[in-house]
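Residue numbers (the numbering used here), protein chains in the order written: chain F, 1 to 344; chain R, 1 to 268.
Don't take every hint at face value.
Pairs of lysine to any residue residues, derived as SDA-like cross-links and limited to a Cα-Cα distance of at most 25 angstroms, are as follows [said to hold, decoys possible]:
1) K339(F) with E238(R)
2) K99(R) with V76(R)
3) K339(F) with K99(R)
4) K188(F) with E19(F)
5) K339(F) with L156(R)
The set of hints was computed from the structure by calculation and includes no laboratory data.
Here is what each chain is made of, one letter per residue.
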Amino acid sequence: MYYPLHQGLSMDAAFFPEEQTRLEEAIASFSPAQPAHVAVVSEYLAGRTPFVQALVPQYGDRIAFMPLYSVAHDTGFLDDIHRGPEIIVLGDCQNLFLRRIGGFENLDAFLEFAARTDRMLITTWNIHAWNYLVQARSIGACFPVQIVLPRIGAGAIKKTILSGYTREIRFVEDAPSKTPVLLSLGEKKFTLPFGGGKTTVPWPDINLAPLRARLSSKTEEKVAVEDLVFERLARIARGNIGVARAIWERCVDKDEVRVSTIQETSPDLKLTVDESFILLIILSMERIARSDLARVLEPEIDLAPSLFRLKSLGIIGEDRQGIAVLPGALGVVTDYLRKMRMVW
Amino acid sequence: MAETSALLLKEIDTFTVLYVVYVLIAAYIIVWIVAYLLTHFSERSGQYRIAVDTLIPLIKVVVYSVALYLVVTTFVEPSLSEFVAFAGFFGAGVGFGLKDFFADIMGALVITFERPFQIGDKIAVSDTYGEVIDIGIRSTRIITPDDSQVSIPNFLILSSAVSSANAGSLAMMVVIDFYIDTESDPKGARAILRDALVTSKYVYISEECPYTILVEDFPWYLRVRAKGYVTDLRFEFEFMSDVTGRAWAEYARQGIKPPRVVPGIALS
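Just chain F, same shape as in the assembly (with noise of 0.2 angstroms):
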C-alpha cells in the first residue's frame, strides 16, 4: 500500500530553495538506466517532510509518498515500493534499522534493492542516524545526491509563525533582554575553490528591521518587541522551524506573547551513559515505540528506571505514537550527545 502526497504546498518548504533547485534537477536527470537516488538529511521537526511532500503538486502520478511511521520489522515495504510508480518518496528511513545485533536486515535489503531498482529513491533521513549509518554501514554510496537541510533564520520563521494568523498578535517585553536583536545564527552554503564541491558553514542573519524601528518613531516599541521574540526563538530553536513552532504554540497565550515566557529547557545535564544511550536511540530515532526501544536495550539495560529519569528531567515525552525528545529539550540533548562524543 502506498500513500498519495499531501495536497498543498507547505510553507516550510519553501524556507529551501536552493536544496529544492537541487532536488528538482536530480528528478530531472532522472533516467531509470542510472537512477541517482537522493537522501534528504535533516534534524528532527527541521521540515524534511514538507520538503518533499511539496514535490507533489509539480510530479503528479510521476511520483508516491511513503513515510515510515514507525519501525519497520519486515521487509513489506519493498513489495510497496515495488507496486509503486517510477518515483519513491520513502520518509523516515531512520525506521529501516534497529541499532542492535541483527537490527540492521532490513536496512541491508532496502540498501540491496536500491543498487538494483529502476525506479527513482528519494529518501528522508534523521541527520543522526544518517551520520551513524554513513559511518557504520557506508550507506552514503547508495545515494549520490545528499541534501541536508540548513538551519533557517530569526525572519523566515516569523514569518512562517505569523502567516498562521490572521488577528493581531500582541508581544509584550515584561523581562529586560540583554539579547542582540541585530543578529542570529543561520547558514550559508558555499561552493569550495578547486574541488568544486560545496559546504555549508553557520552564517550571520542580519535584521535591520529593529533598528530600523529604533530610529522610527510611533512603532519603535511594537516591532522591536516582536522581533526580539522571533530572534530569541530563532536561537533557541537553533534555526530548527518545528523546535521554533512548538515553543511558540507552549507561548502563545490569548493572542499575546510574553518576551519572559520563550525560555529554553536547559537542565545541566548529568546521564549515565545507559541514559545517555537511551536519549541517542530516541534523538535518531525521532520516536520510537517503547517495544522498539526495549529491543535495543535488552538484556543489558532496564529501560523503565531509565526511562523515568529522562521524563522526570523534562527531556522527552511518550505519548500514544511512542517516545520522542521534546522539541523544546531538543538542543540541550544534542549538546549533551555530542559532548559525550555519541552523535557526530
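Fit chain R to the given chain F structure using the hints.
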C-alpha cells in the same frame, strides 16, 4: 672565605626566610588551585577533556619557575660573577646529591614541552599501564585499571619506551579478540561481531576512527578480531565487555562455538 660569601649572597634575615617560605607556599597553593579548577573544568568539558588537562603541567612549570627565580634572586645578586658562582654551587649540588632529583625535574620539562603523552592519556611504561592523572615536577602518576596509583619518576619515563594508546585524543582504539571453532561459520561470526561493535553504546566511528573486523585462520581455531574506537578511553574495558558479552550471546544463538582446544595450550 667569609668575604667571598658576603659578595655572593645577600644578607639573610628572618624576613628573607619568611619571604622565601611565602613564595614557596604561594606557588604550591596557586598550582594546587589551578590544577583543581582545571581538572574540575576538564571533567565537564566532554570531548575537550584532554586538551584542558594539557594545560596543567605547563602551568606547573611556569609557576614553579617563577617561584624559583624569586627564591634565587632573594639570595643572589643578579651580577654575572655571582651568577657564575651560584651556578657552580648549584652544579656541584646537582652533581653530588641531587642528580636524580634534577633529572626528574628535567624529565618533567621535557614531558611538558615535548608531550610524548598528556594528562588523561593511557600509557604503558615498562610493565605499568594506566591513565595519566598528573605530571608532577618529580614524578608522573598514573591510575592502573585496578585503581592502583603508581608514581613513576620522570627520569625513568624519559629513559624507557613509553607507549600512549590514544596520543592526546579522547578516542582510543580497542582490540577485541574472539576465538571460535574451526567448523563455525566465519562469515556469520564476522557479521555478528561487526554488529556487536557498531551497536555498542561505547563505540565512536568516524573517517579518522574507522572500525575493522578481521578473521584469521589458525591451526586449531579461528580468530575473529574487532578493532574499534571507544568514545572515551575511560570506557576501554566497559567497551570490551559490552561487545564481548553481546557477541558471545549471539554466537551461542547462532551455533557458533568456542574452540575445542584452548588457544594457548594448543599452540604450546
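Hint check:
1. Distance hint between K339(F) and E238(R) is fulfilled; the C-alpha atoms sit about 19 angstroms from each other, no more than 25 angstroms.
2. Taken as a hint, the K99(R) and V76(R) pair is honoured in the structure, with Cα atoms around 22 angstroms apart against an allowance of 25 angstroms.
3. Simply put, K339(F) and K99(R) have alpha-carbon atoms about 45 angstroms apart, too far for the 25 angstroms limit, and the pair is violated.
4. Our distance criterion of 25 angstroms between C-alpha atoms is met by K188(F) and E19(F), whose separation comes to about 12 angstroms.
5. For the hint pairing K339(F) with L156(R), the CA-to-CA distance comes to about 36 angstroms; that exceeds 25 angstroms, so the pair is violated.
The structure fails to meet hints 3 and 5 from the earlier list, while all remaining hints are met.
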